[in-house]
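Chains as they are written, first to last, in the numbering used here: chain A, 1 to 386; chain B, 1 to 386.
Just so you know, the hints here were simulated from the structure itself, not pulled from any lab data.
Using N, Cα and C, we set each Cβ at its ideal position, and we do this for glycine too.
Nothing false has been slipped in among the hints.
Examples of chain B residues lying across from chain A (beta carbon under 7 angstroms, computed):
#, residue
1, E40
2, E277
3, Q296
4, P297
5, Y299
6, V302
7, E341
8, R344
Dumping the calculated DMTMM-like pairs for lysine to aspartate or glutamate here, alpha-carbon to alpha-carbon at most 20 angstroms:
#, chain 1, residue 1, chain 2, residue 2
9, B, K83, B, D64
10, A, K266, A, E343
11, A, K266, B, E341
12, B, K322, A, E295
13, B, K291, A, E343
So the derived list for chain A, only partly shown, Cβ under 8 angstroms to chain B, looks like this:
#, residue
14, Y275
15, E277
16, P297
17, R344
18, I346
19, H347
Number of protein chains: 2
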Amino acid sequence: MRDFSYFVLAVSACFSTFTVLDGGASKAQAQEEDASVVSEAASFRIEVVTENMDVPWTMEFLPDGTALVGERGPGKLYRLDVKTGERTAISGLPDMLRDRKISSGLFDVRAHPNFAKNNWLYLAYGVGNTEGNGLAVDRYKLSGNSLSGGERLFEASPKISGKWHFGGRMAFSGGYLFLTTGDGYDHSARAQQLNAHAGKILRLHGDGRVPTDNPFVGVEGALPEIWSYGVRNPQGLDVNPTTGEIWANEHGPQGGDEVNIMRAGKNYGWPVITYGEEYGGGPIGDGITHKQGMEQPLYYWVPSIAPSGMEFYQGNAFARWKGNLFVGALALTHINRLVIEGERVIHEERLVADKGWRVRFIEEGPDGYLYFGVDDGMIMRLVPVD
Amino acid sequence: MRDFSYFVLAVSACFSTFTVLDGGASKAQAQEEDASVVSEAASFRIEVVTENMDVPWTMEFLPDGTALVGERGPGKLYRLDVKTGERTAISGLPDMLRDRKISSGLFDVRAHPNFAKNNWLYLAYGVGNTEGNGLAVDRYKLSGNSLSGGERLFEASPKISGKWHFGGRMAFSGGYLFLTTGDGYDHSARAQQLNAHAGKILRLHGDGRVPTDNPFVGVEGALPEIWSYGVRNPQGLDVNPTTGEIWANEHGPQGGDEVNIMRAGKNYGWPVITYGEEYGGGPIGDGITHKQGMEQPLYYWVPSIAPSGMEFYQGNAFARWKGNLFVGALALTHINRLVIEGERVIHEERLVADKGWRVRFIEEGPDGYLYFGVDDGMIMRLVPVD
Numbered sequence: 001m002r003d004f005s006y007f008v009l010a011v012s013a014c015f016s017t018f019t020v021l022d023g024g025a026s027k028a029q030a031q032e033e034d035a036s037v038v039s040e041a042a043s044f045r046i047e048v049v050t051e052n053m054d055v056p057w058t059m060e061f062l063p064d065g066t067a068l069v070g071e072r073g074p075g076k077l078y079r080l081d082v083k084t085g086e087r088t089a090i091s092g093l094p095d096m097l098r099d100r101k102i103s104s105g106l107f108d109v110r111a112h113p114n115f116a117k118n119n120w121l122y123l124a125y126g127v128g129n130t131e132g133n134g135l136a137v138d139r140y141k142l143s144g145n146s147l148s149g150g151e152r153l154f155e156a157s158p159k160i161s162g163k164w165h166f167g168g169r170m171a172f173s174g175g176y177l178f179l180t181t182g183d184g185y186d187h188s189a190r191a192q193q194l195n196a197h198a199g200k201i202l203r204l205h206g207d208g209r210v211p212t213d214n215p216f217v218g219v220e221g222a223l224p225e226i227w228s229y230g231v232r233n234p235q236g237l238d239v240n241p242t243t244g245e246i247w248a249n250e251h252g253p254q255g256g257d258e259v260n261i262m263r264a265g266k267n268y269g270w271p272v273i274t275y276g277e278e279y280g281g282g283p284i285g286d287g288i289t290h291k292q293g294m295e296q297p298l299y300y301w302v303p304s305i306a307p308s309g310m311e312f313y314q315g316n317a318f319a320r321w322k323g324n325l326f327v328g329a330l331a332l333t334h335i336n337r338l339v340i341e342g343e344r345v346i347h348e349e350r351l352v353a354d355k356g357w358r359v360r361f362i363e364e365g366p367d368g369y370l371y372f373g374v375d376d377g378m379i380m381r382l383v384p385v386d
Numbered sequence: 001m002r003d004f005s006y007f008v009l010a011v012s013a014c015f016s017t018f019t020v021l022d023g024g025a026s027k028a029q030a031q032e033e034d035a036s037v038v039s040e041a042a043s044f045r046i047e048v049v050t051e052n053m054d055v056p057w058t059m060e061f062l063p064d065g066t067a068l069v070g071e072r073g074p075g076k077l078y079r080l081d082v083k084t085g086e087r088t089a090i091s092g093l094p095d096m097l098r099d100r101k102i103s104s105g106l107f108d109v110r111a112h113p114n115f116a117k118n119n120w121l122y123l124a125y126g127v128g129n130t131e132g133n134g135l136a137v138d139r140y141k142l143s144g145n146s147l148s149g150g151e152r153l154f155e156a157s158p159k160i161s162g163k164w165h166f167g168g169r170m171a172f173s174g175g176y177l178f179l180t181t182g183d184g185y186d187h188s189a190r191a192q193q194l195n196a197h198a199g200k201i202l203r204l205h206g207d208g209r210v211p212t213d214n215p216f217v218g219v220e221g222a223l224p225e226i227w228s229y230g231v232r233n234p235q236g237l238d239v240n241p242t243t244g245e246i247w248a249n250e251h252g253p254q255g256g257d258e259v260n261i262m263r264a265g266k267n268y269g270w271p272v273i274t275y276g277e278e279y280g281g282g283p284i285g286d287g288i289t290h291k292q293g294m295e296q297p298l299y300y301w302v303p304s305i306a307p308s309g310m311e312f313y314q315g316n317a318f319a320r321w322k323g324n325l326f327v328g329a330l331a332l333t334h335i336n337r338l339v340i341e342g343e344r345v346i347h348e349e350r351l352v353a354d355k356g357w358r359v360r361f362i363e364e365g366p367d368g369y370l371y372f373g374v375d376d377g378m379i380m381r382l383v384p385v386d
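Kindly produce the complete structure, drawing on both the sequences and the hints.
In structure tokens, the structure reads:
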């Protein structure tokens, strides 16, 4: 090989190329970044869709092309016109556990796969109080900008005195609703206990009934909603469009953030095995990373990127991103692009890592653009540049 | 989750912790680094074993605990006492193609798996001249520090007028000798042609005969030594100790460095498909990364790390590294640690990335320490620190 070439490459690889474009910003795009980013497999510009939100936590596109966006702490939901950036409050939301000292509120909103006909909207949020709380899922009919006809589909039990790690991400696959529950942070042992909902992936029918083919149906002492267990607090959940399987990510304790394929009856090991490490490096505790009967992660990050919302990209706007898995990163502020080949992660790229944006969720729009929310209160999108 | 923790982690993750240790250096360890490195799954110190070499390119431990170390350009081979750092020249080496303008010389040395009884030593090196050259493999009996009884086992055909990309890494598995051949750089199309040795993984018996169950034996117009094809210039080759399969890495054109499991008859796509990117980012050429009948990489790096020698770690000195795949990196100077789970890379860590060392090869010693050579002329080892 020509050795000298590597020096050139090593230097050039350290910098993204920025090109100044004409602004041409609409009113809603007042803060559009005047730059295009050249990345490995796509060039894009970053547009601000809306701003001044109180930590946007979730986003769901509806068939009419508008999106619902939620704020966790205030427990509020808005309809967002992604063309103008205008937000309109949705009324009729339920009471939630909202307390400045508790990481509760509105976690997720998903539309039923047949929403265009049935208008069912699913909300995951925290209920209870400081002594006894947990996750609940309701569904409502959305009419205009109002919710009505609420039904309680699920409520976690037993209640715990948690302040963090409620879980609450949802995804539909094959007509089933999948739901993450957190371990309650101080109750992590429950992630291994089948008589508690904490630290699990659950599977329900769209009306809340328990599917009779769930893996622990009929198992004495086990809660029948459980699909898989031994998870910590998955904040990213999506359906692999090729296989229909549920993929989830989760934060490790200090590092050891994982991506897993969530399969019926499987144990993902928390809190028994982990790739987490001590502050400053080195294995945590006994450093147990493997145990019989517990699944290894599909992929893991050390140091922690703090993964959040996750989306398989299926659009055409970014041809070379098709099938890639995008993960928001909070701690190591960026959008993480994983190239997936079957059940393998074969490559990782970190996008927009120089912005300091704690990326909380990622959603693909009907336009094929990649929308994401950051804790600074903005929702932005990546738009392809030729 | 407790959000503030991620800020602490993000900061702490940027620094390795260094602890000053007592020197206590022996004569051979005069340049021992007075520091221990805390990494994700191991703490170690770095010891200089020997120095002032002319780009050490290969290393092979012998049953007596000494190692053979080779210099590519000068085409020299030495026996190295890793306890004292003393090197003794091996005599009786063959004439080689050695030319300042050609990246030829001595590429690799491997001992026969039964070396303790038969003393067979295998050398891969360049032969020919600027008009017609290629890779050759001989075997010799090593007696003391002298080679004798040389036999030519393989010579690449057709000859080409290459200056770079000779290949020349070897590994034994199941009694077979596997060998990489490079594409000759200016002859990359030959990597797809079965009537040329360039750009292939070859499989031979230890005496040079072609195994009758090689995938292209009896195929008209195909060279029977070929095991797999469509590779560029693999400089890392090792046997997966669990499966016995051959794993290889290779540099992409500008990025798109790959790790692959080399399987009988498979086409790894070079130069048709690649994840390489243009200088400064963006897809290369038509940006074709997939094609029917061509294998996807097991894992790839963009930007290029420039992978070199590669070793599955099987020792006990670093318990948590067992089964990991270590890859030297030239351009992005470091030792790349890949955590392997079956046929998946589930995690990557970059060790000693702050030294500027172009790491050319990695070998596990009988002591379980990890030995590596750098272009600055040193051979060093990682030694565990409690």
